[in-house]
Structure formats: C-alpha cells, structure tokens
Amino acid sequence: MGLDMALWQEITVSVFLVVAGIFGLVGSFGLLKLPDPMTRLHAPTKATTLGVGGVLIASMLYFIFAKGQISFHELMITLFLFLTAPITAHFLAKANLHTNVNRADVPPPVGDRPWAGYESDDARRIAEGESTPGA
Amino acid sequence: MIARIFPHPLLTLTLVIVWQMLVNYVSLGTLVFGLILGIVIPLLTAPYWPDRPRLKSPMMIVEFILIVLWDIVVANIVVAKTILFTRNASMHPTWITIPLDLRTPEAITVLAGTITMTPGTVSSDVAADGRSLLVHCLNAPDPDAVVADIKQRYERRLKEIFE
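From first to last, the protein sequence lines stand for chains A and B. Be aware that the first sequence starts at 179, since it is given in this note's numbering, and climbs by one per residue. Be aware that the second sequence starts at 107, since it is given in this note's numbering, and climbs by one per residue.
It is worth saying that the hints were derived from the structure and are not from the lab.
With the C-beta cut set under 7 Å, the calculated list includes, among others, these residues of chain A facing chain B:
no., residue
1, M216
2, T217
3, L219
4, T223
5, K224
6, F250
7, M254
8, A271
9, P287
10, V288
11, G289
12, G295
13, E297
Partial selection, computed: residues in chain B whose CB lies under 10 Å from chain A:
no., residue
14, V124
15, N130
16, V179
17, I183
18, A195
19, T200
20, W201
21, T220
22, M223
23, V228
24, S230
25, A234
26, S238
27, L244
Derived lysine-lysine pairs resembling DSS-like cross-links, with alpha carbons at most 30 Å apart:
no., chain 1, residue 1, chain 2, residue 2
28, B, K187, A, K272
29, B, K187, A, K211
30, B, K187, B, K257
31, A, K272, B, K265
32, B, K162, B, K265
33, B, K162, B, K257
34, A, K272, B, K257
35, A, K272, A, K211
We treat Cβ as the ideally placed atom computed from N, Cα and C, and that holds for glycine.
The following block holds chain B by itself, in its conformation from the complex (with noise of 0.2 Å):
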C-alpha cells in the first residue's frame, strides 16, 4: 500500500525540496504543494520507471560529487588552453569505447552524464546491449589513458553508489 503511493520515495524527497528551493522560502502552504507534486508527479511516471534504483552507500555520493566538481573545473581550464594554443592540425581528437562494468540503467546514465560535463568528453552513444559506452574525445593523444581514468575515477566509485 505505502508502496503504491510512493513508487520512489527518494523521488518524492527530491521533489518537496526542489519545490522549497524554487520557491524559495518555507511555509505551510509551499510544504503542503511541494508533497502533492512529489506523490502525483512519482505516480504518473512510475510505468516509466518500474524498478526502484538502490543506493548501497549513500555517504559516497557526496565524495563523487566534489570528485565531479574539482574535475570539471580543471579540465575546463585544460580545454581552454587547448582551444586558445592548440591549432588544429596538431589536436587529436578521437572516439574511444568505454567497456561497463556498470549493469543498471541508473548508473550508466549518471556515468554518460557525467563524462559529458567534464569536458574535453562527450558520451556519444551506448551499446545496443548496454555493455559500453561510445565517448568522443577532444585531445586525447593517449586514448587508452583516458579510458583508464574514468573507469577508476567515475565508474568505480558509481559501481559502489549503485551496485
């Protein structure tokens, strides 16, 4: 029963706090609405998404996140650099097959996500069958350097958030 009404009741927590910080302000009335959508909007998508995702160690999140942000504005700066001084005969850009060892959907999506927003990569496509992921590179001389970095630096940490 408790089931039915919250299909995904982090979805639901998530909601009644984006609906706070984008009215920003807390009062009784805001409250009240922000659970009305976190209890209609998780029912009307719930056929979309028939299976729970689980978190397995949430505090590791948190680490992941700061990971993302730190990596994202170093690698800002390094793409900068290559579009100011780098001329384009000398770049390498190139496409590299990232091979999974991700299973759920969830994760494999933060995973595509997050390749995108630090840039320099762009996840382009996935396997028909889910087992890897086609990512675009701007200036990667070395391909299988960068492999090796997002699988021990992103997808490690999200196979344990995950899985």
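Looking at chain A on its own, in the form it has when it is part of the complex (with noise of 0.2 Å):
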C-alpha cells in the first residue's frame, strides 16, 4: 500500500479487497460444493462480478488516492469481462446440454421450431427454406 495515503483511504481499498475476496472464494466453493454441471457454471459468473468487480473498484480508488490519477484500464477489464463471460457460458452450457443432459428434460421452447442447439442441420434448412422461398 502507498505510503502517501491517509488511513482512511487504505481502509477503503482494503474492504474493497476483502469483499471482492471473500466473494471470489465463495464462487470457488461453490464449484466444489454444487452438485452437477449446470449448477456448476453459476459459480464462475459471480466470481467474475463482484469478485473481480471489487479488486476493479479497490484498484482504481488507489490509483486515485495514492498516484492522483484516474486509471481507464479498470473499466476496460470491465467492459471485456462483460462481453467475454457470458459468451464462455453459453458455450459450456451449449456443450453440457448436447452431452449431460437429457433432452426430455429441457422444456419445449414458445414456437415450432428446437432449441437451437438441438436443431439438426437439414431440420434448419428445410425450416428456413418455407419461412424464406427462393433463399
């Protein structure tokens, strides 16, 4: 910790630092302590918010206390955390459904047409084909 702030302010980054911690710690238990796949994948998408988000907010008071000046490159942690976790568990989830989980019982979507996943290619073609003659 800079030696150049006032207690109060290494009192704040720290909690920031517990928090985020404490939370981190609790998503990695999580992955131990749940019992399939799919209750599996909720632990990692709480690590990266407010696990992640907490060192984010702790390191960007300090650059502010300490240095005086305002860092961008939390943000942009941020903002790529944000388009990159949901993403990466909608490829786990996509990958578990096809080999863990058994199709009868994952409810039937609104319309006629699959899930997406489980749509095979000619069903596709055949289903675009009538929605868009001449395609």
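From these two lone chains plus the hints, build me the complex, please.
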C-alpha cells in the first residue's frame, strides 16, 4: 500500500479487496459444493462480477488516492469481462446440453421450432427454406 | 459514400474511445491510431453485420446499466447465501423458457448476456426461430416469478432502447 495515503483511504481500498476476496472464495467453494455441471456453471459468473469488480474498484481508488490519477484500464477490464464471460458460459452450457442433459428434461420453446442447439442442419434448412422462399 | 466508410458510426466512436482508454492517455498520435482502428475494424466486420442496429432512446441505456449493476450486487449476495447455507438436496435448480417479445438480434444478445451476468441465472440456448430463451436457474422455487421478473426488469427496457 502507498505510504502517502490517509488511513481512511487505505481502509476503503482494503474493504473492497477483502469483499472481493470473499466473493471469489465463495464462488470457488461453489464449484466444489454444487452437485452437477449446470449448477456449477453459476459459480464462475459470480466470481467475475462482484469478485473481480471489487478488485477493480479497489485498484481505481488506489490510483486516485495514491497517484492522483484516474486509470481507465479497470473500466476496460470490466467491459471485456462483460463481453466475454456470457459467451464462455453460453458455450459451456450448450456443450453440456449436448453431452450430459436428457432432452426430455429441457422445457420446449414457445414456437414450433426446437432450441437452436437441438435442431439438425436438415431441419434448419427446411424450416428456413419455407420461411424465406427462393433463399 | 459516408455510409460506406462508416458502416457503423457508433462502433467507430466506441473503438476510438476504447483505444484512448487502453493507452490511458490522450494525444494526437493515439487519437489518429484510434481513428484508423475505428475505420478499419467496422469495414472488415461489415459483411458479418449487415444491418445497423437502431437505438431509439439512448438515455435509457444509462438507466439500464445502473439497474443491471445494482441487480448484480444484490444477486451476488443471494447466490453466495444459497451456496453457503442451502443444502444441495433442498435447492431447486430448474430450466425455464422465456418467451421473447424482442426481435432484433442485438437486443436479444444483450438480454442473454444480462441474464448470464446476473448471478443465479445462465442463458443456455436460444430457440431456432429466435422466439424464446432457455435459461438455467440455480435456485428457483417459483420459476414463473423469475420469468416475469426478467421480462419486466430487463426486456421491457431493452425493447424501449432497441425497438
């Protein structure tokens, strides 16, 4: 910690670090404790939000307090996490839907066509050929 | 002509700003290089993204982001409690189908991402006709309430922003 920070500033930064650490720990514990792949997928989405978010806020505050400058890198990390984390989770969920999940357990979608991951290429061609003639 | 150089003006603006933030300071050199990236990247990716998404009410974006951030904090605490204090046997993990009123792909993408980032729900698949989302809930004793909540809090606002 910088020596040129006031005590309340050091405490503020520390609180964010500790809170972030707790949520990261709980997220990791969730990976161990939860019973199946789909529920386990919920743990990393949590670690990347409050766990990482707390560290990033602490980092921004540290640079403002100790160096007197605003750092934008933390905002960028937040942005990239929010772009990439849902995509990773989506891929993992889809892979799991294909390999481990009984299709009868998954509720049907509203329309006539199945979930995109469960539709065969032939069925997709027929369905889209009908909806857009000549395509 | 201008539409051909800037197929996505908002993407160009975003890329310029993101580049400034990545280098962490603003100078003429970083501005010029950011502008080059902001012109070249939309041109290269234009074939994959032919339609320009329309933003009907940009001010709603601020409200939407604040609500999502708040929900992330609240939901984090709820899920942390679920992990620490609920036994696996008494949890209610379940699949839910969310019927979509949104039609634009960009809006559905943002909704799916939002659902995943708010802990306790992970969007897992989309229907082939784009009319419903498959979402997995970590602990939902009342699945209908989760559907109503997502539609009311997120989808209604996204519909105002995009459609």
